[in-house]
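Protein sequences appear in the order of chains G and U. In terms of the numbering used here, the first sequence is residues 1 to 115. In terms of the numbering used here, the second sequence is residues 1 to 114.
None of these hints come from the bench; they were simulated from the model. On a predicted model such as this, the values are computed, not experimentally measured, just so you know. Please note: incorrect hints may appear among the correct ones.
[Said to hold, decoys possible] Below are the SDA-like pairs computed for lysine to any residue, each with C-alpha atoms no more than 25 angstroms apart in a straight line:
no.	chain 1	residue 1	chain 2	residue 2
1	U	K55	U	V112
2	U	K55	G	L95
3	U	K70	U	T24
4	U	K55	U	Y33
5	U	K55	G	P103
6	G	K13	U	S42
7	U	K70	U	Y32
8	U	K70	U	P9
9	U	K78	G	S102
10	U	K73	G	G58
11	U	K70	G	P103
12	U	K55	G	S102
13	U	K78	U	Q51
14	U	K73	G	Q44
15	U	K55	G	R98
16	U	K55	G	G58
17	U	K73	G	S102
18	U	K78	G	G40
19	U	K78	U	Y54
20	U	K55	G	K13
21	U	K73	G	P103
22	U	K78	G	P103
23	U	K70	G	I12
24	U	K78	U	V112
25	U	K78	U	Q57
26	U	K78	G	D96
27	G	K13	U	R43
28	U	K78	U	Q44
29	G	K13	U	Q8
30	U	K78	G	Q41
As a plain string of letters, each chain reads:
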Amino acid sequence: ETGVTQSPTHLIKTRGQQVTLRCSSQSGHNTVSWYQQALGQGPQFIFQYYREEENGRGNFPPRFSGLQFPNYSSELNVNALELDDSALYLCASSLDGRLYNSPLHFGNGTRLTVT
Amino acid sequence: AQTVTQSQPEMSVQEAETVTLSCTYDTSESDYYLFWYKQPPSRQMILVIRQEAYKQQNATENRFSVNFQKAAKSFSLKISDSQLGDAAMYFCAYQGSTLGRLYFGRGTQLTVWP
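One chain only, chain G, in its complex shape (with noise of 0.2 angstroms):
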């Protein structure tokens, strides 16, 4: 069983750039949640993808999208980048996000920076 995989680990961005960042969500899961987890902070939810649908978004500006594949795979873009979007930004899937005995697994995170 493969786990949930991130890519990058690791990523140098510019002030005003536009960042995408990719998960593999665990084999047979359909949902995928992002958070946002700052230096010395607990994380931050994002937003939850359901089979390709955005099903929950946390207090997050615009520029923070997302898409979900027909595989579940997901992708986080984040355009004009700010130095406040340094963080390690983490992807967690679960088997089926309507049910409440379906826990998260997460993957290792990409450590994004801004300059």
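Fit chain U to the known structure of chain G by using the hints.
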């Protein structure tokens, strides 16, 4: 809004001893889940234990157990017979009616001394 508070930024324990990490939360919902996650330097969030709010019995997973006090909105994690591999950042998390969305505390850094 749901909030999760971990009041201990750092804790330390001697190997083979017991340590308790504290967590409180605020919610108006009656049905929810609570979790403890472990984040080692590898950065991956690993589920340690979870508790369903409607179950009165405290969850246990090997050396890990919780003390769930629903009325007090308290959810502490007890680690028995601590091992060097338990050293990590521990996060308490809440999941309510917005399925899939977890609310995390700020974490407790646990150090285990040999």
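>> Just to be careful, I want the Cα atoms of K73/U and Q44/G compared with a cutoff of 25 angstroms; is the pair within it?
In response: 21 angstroms, holds
> K78/U and Q41/G: Cα distance at most 25 angstroms?
Replying inline: OK: K78/U and Q41/G at ~22 angstroms, within 25 angstroms.
> If you draw a straight line from the CA of K78/U to the CA of Q51/U, is it 25 angstroms or shorter?
Replying inline: 13 angstroms, holds
> Does the structure keep K55/U and R98/G at a Cα separation of 25 angstroms or less?
Replying inline: This hinted pair holds, its Cα atoms lying about 21 angstroms apart.
> Straight-line Cα separation of K55/U and K13/G no greater than 25 angstroms?
Replying inline: Cα-Cα ~47 angstroms, so violated.
>> For a C-alpha distance cap of 25 angstroms, please report whether K78/U and Q44/U respect it.
In response: 21 angstroms, holds
>> Given the hinted pair K70/U and P9/U, is their Cα-Cα distance within 25 angstroms?
In response: 23 angstroms, holds
> Holds or violated: K55/U with P103/G, Cα cutoff 25 angstroms?
Replying inline: 17 angstroms, holds
>> K78/U and S102/G were given as a pair; does the straight-line alpha-carbon distance stay at or below 25 angstroms?
In response: 24 angstroms, holds
> Regarding the pair K78/U and Q57/U, is the alpha-carbon distance no greater than 25 angstroms?
Replying inline: Status holds; Cα separation ~15 angstroms.
> Has the given pair, K70/U with T24/U, been kept, meaning a C-alpha gap of at most 25 angstroms?
Replying inline: 10 angstroms, holds
>> Need the status of pair K78/U, P103/G: alpha-carbon distance at most 25 angstroms?
In response: 21 angstroms, holds
Checked against the numbered hints given earlier, this structure breaks hints 1, 16, 20, 23, 26, 29; the rest are met.
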